[in-house]
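Each chain, written out:
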Amino acid sequence: MIALGLSLIFGVMGVINFAHGQMMVMAMYVSYWIFVLLGLDPYLSLVVVAAIIFVQGYLIQASVVNRILDYPEAMQVLPLVSMGLILENLALLLWGPDYRSPQTALGLETLWIGPIMIDVSRLIAFALAILITFLIFILLKKTNIGKCIRAASDNRTGAIVVGINVDRIYNTSFALGAATTAAAGVLLLPLMPLSPHLGHDFTLTAFIVVILGGMGNLIGALVGGLILGVAESVSTLFLPATLKHAVSFSILIIIMLFRPQGLFGGKK
Amino acid sequence: MDQPKNKGMDRRTFIKTSTMIGLGVAASSFGVPKLLRAAPPTIKIGSVQPATGPLAVIGVGQRRGNQLAVDYINAMGGIKSMDGAKLELLLGDSESKPEVGRSEADRLINGGAKVMTGPFQSGVAMAISTLCEQRQVPFIMDVAALDAITDKGKKYTFRVFITVSGLLEGGIKYLKMVTDMKKVMPKRAVVTNTADAFGKGMSGGWVKFMEKSGLPIEIVDRVEFPLGIHDLSAEVARIKAAKPDILFPVSRPGDGIILTRELYKQRVELLGIYGPGSPGWYEPDVIKDLDKLIYYVMVNVPWINPSSPVYKQANAAFEKAHNRYLDTNSAYAYTGVLVIADILERAASTDPEKILAATRQTNFKNHPVVSGPIQFDEKGDNTGALTALIQVQPDADLLKRVKIVAPTEFAQSDKIIFPAPQLWKR
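Each protein sequence line maps, in turn, to chains A and B. Heads up, the first sequence is in numbering that gives the first Met the number 0, so the first residue is 0 and it goes up one at a time. Heads up, the second sequence is in numbering that gives the first Met the number 0, so the first residue is 0 and it goes up one at a time.
A hint or two may mislead.
When the alpha-carbon atoms are kept at most 20 Å apart in a straight line, the in silico DMTMM-like pairs for lysine to aspartate or glutamate are as follows [stated by the list, open to error]:
(1) B/K287 with A/D40
(2) B/K96 with A/D200
(3) B/K239 with A/D166
(4) B/K239 with A/D200
(5) B/K182 with B/E268
Examples of chain B residues lying across from chain A (beta carbon under 8 Å, computed) [as the list claims (entries may be wrong)]:
(6) G52
(7) P53
(8) E223
(9) F224
(10) D230
(11) A233
(12) E234
(13) G253
(14) I257
(15) R260
(16) Y263
(17) D284
(18) D290
(19) P418
Treat the hints as calculated values from the structure; they're not laboratory data. These figures come from a predicted structure and were not determined experimentally. All residues carry an ideal CB built from backbone N, CA and C; glycine is no exception.
Please model the entire structure based on the sequences and the hints provided.
Written out as structure tokens, the structure reads:
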């Protein structure tokens, strides 16, 4: 889902959001905060958190990203990397460096089918990831705003000519990508301790997943994420766990050599 | 039409300003700078800690420990043998990376640091110690355990903390004590560790020490994972498949939480968790968040001495400033600066050779940790360094759950709970 948000943003604007992981961490902190202050389980605060990060994403796009869209790609990187650093340090300032691991209602729940253990939090995350991907797919295919997003993605000038407010569509797309990532962060909260530095790794992993599935391809992001997750987990049975990242990057290199457009194709 | 206003300085303003500056300069030749000249000099101490990155929780705590000691020394009148010279802490952030730690240390030395301290991580300590040897700046490490840091006959490098060898000896000693006392001997064990310099060195050393210990415990698997890992489900499945009776984790903050939760979920049956010596099991937030799951974990670790008057005073100030207690790493950071102040007091100079001579004569007893007097051997290691065995035990007060159970002269609880109830039966 993190990759889904990144893919959506890249697919529409051609911008790689290097602050993506940090936006997810922000969502995790907001959810954690709601849990601590109001006792509301992360699954119940998911929509509220996604809405808050939607607004944050909208503002980032309107204030920063829209201004750099026409810059060379190398120059687009810096403002977004900077944004990531700002968000990370903001989290450090607001919540401190401590690892936080809230005891949520389903955080330790498991289902057993004979000797096979199923982690309930992971199962919920998996089911909701598919549901949210499906909803975004429907939004893009069937709704008016979805059609506008696809039009702006296909041909920016053409979209402007037919009267679409492309800046606003871009703001909405970035916000939608941010909200998707926020939902992913909320689903991860019961699974891992939260700390401000968490974002980098997820940005990198999401980036690999997006390339694997095909830049800008939403189904590709979902399938790419599954492939990478399974490959990393299975690899620990045969290889030292320290080589997890080597496995991810090896897959990335192989894909780039033999299918540079990604498994499901995408923007070049 | 309005005349545009001249935004530059007009003649009258220029005359007024120059007169004021002139008077200021004239005055400064008389009374004012004499006061400045009379002010004691400032001695800069460079502190490089992992203030961001996966070890930020420790790095920030260590910075605070360093700063608390600097404030204390300054409040007590500074370095008296140097006309009450005040200490000033220059801060560097290693970001948990050796190369960054080295460049930060270089920056602080260029900024005037006369003594360096830090840096928690052994890998970073190696990088900084090499630099300090080149730059001839004394490096008094507050925390960093790998023996190799001081193994190469370095002249300017000293360590207040214990070495990995010291940690391992303590770990074996207490493990024998627990198994003898409880008459329960695990047969199979798994060692886990993070893949940083300390994690690899410590777990490798533990396996060797266990083989030589005479304890009939077989290490059936060693599971290593990257620092800052987010998911240990596959690793714990591997641990479960190895069917250990006891787990020896060499961890870092964060992975201890993930490991424990995953052991719970996968129902891994253990007699207990025994940490040979690493963080991740005693930090206040870990105790709070894991609650019953962290009960009965034992860790062999250099620890605070809660009954020491120095600890009581420092802890009160730390709690007032940061609303949390002075944990072991922060206490060692505090101790590091106290030792530096003691050395400067005796050296009465910031000349590196005089500081070195004073460092070798150190015999520092007024510290807040479980340790003998701090003295340095020819390698620069603290001969008084000790470890304690701590166990997390049930207590209504979260802050009192971590208890020293050995050595007896420091013990806060006279009972040790082993074997521990299974995680899911608490």
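Structure-based check of each hint:
1. Between the alpha carbons of B/K287 and A/D40 the distance comes to roughly 18 Å, so the proposed pair stays at or under 20 Å and holds.
2. For a cut-off of 20 Å, the pair hint linking B/K96 to A/D200 stands: about 15 Å separates their Cα positions.
3. In summary, the hint linking B/K239 to A/D166 is not supported, as the alpha carbons are separated by about 54 Å, beyond the 20 Å threshold.
4. Between B/K239 and A/D200 the CA atoms are separated by roughly 27 Å; this puts the pair beyond 20 Å, and the hint is violated.
5. A distance of roughly 19 Å separates the Cα atoms of B/K182 and B/E268; the hinted pair therefore holds under the 20 Å criterion.
6. Hint status for B/G52: holds, given a least beta-carbon distance of 5 Å to chain A, under 8 Å.
7. A cut of 8 Å between beta carbons decides the hint on B/P53: the least distance to chain A is about 6 Å, and the hint holds.
8. Because the smallest distance between the Cβ of B/E223 and any Cβ of chain A comes to about 6 Å, under 8 Å, the interface hint for this residue holds.
9. Given the 8 Å rule on beta carbons, the hint for B/F224 holds: about 4 Å separates it from the nearest Cβ of chain A.
10. A cut of 8 Å between beta carbons decides the hint on B/D230: the least distance to chain A is about 7 Å, and the hint holds.
11. A hinted interface residue such as B/A233 counts as satisfied when its beta carbon comes closer than 8 Å to some beta carbon of chain A; here the least separation is about 4 Å, so the hint holds.
12. Hint status for B/E234: holds, given a least beta-carbon distance of 5 Å to chain A, under 8 Å.
13. A cut of 8 Å between beta carbons decides the hint on B/G253: the least distance to chain A is about 5 Å, and the hint holds.
14. Here the hint on B/I257 is kept, as its CB sits about 6 Å from the closest CB of chain A, short of 8 Å.
15. This hint holds: B/R260 has a C-beta 6 Å from the nearest C-beta of chain A, less than the 8 Å allowed.
16. A distance limit of 8 Å between C-beta atoms decides the matter here; for B/Y263 the minimum to chain A is near 6 Å, and the interface restraint holds.
17. Hint status for B/D284: holds, given a least beta-carbon distance of 4 Å to chain A, under 8 Å.
18. Given hint, B/D290 at the interface with chain A, holds; its Cβ is 7 Å from that chain's nearest Cβ, closer than 8 Å.
19. Checking B/P418 against chain A: minimum C-beta separation of about 21 Å lies over 8 Å; hint violated.
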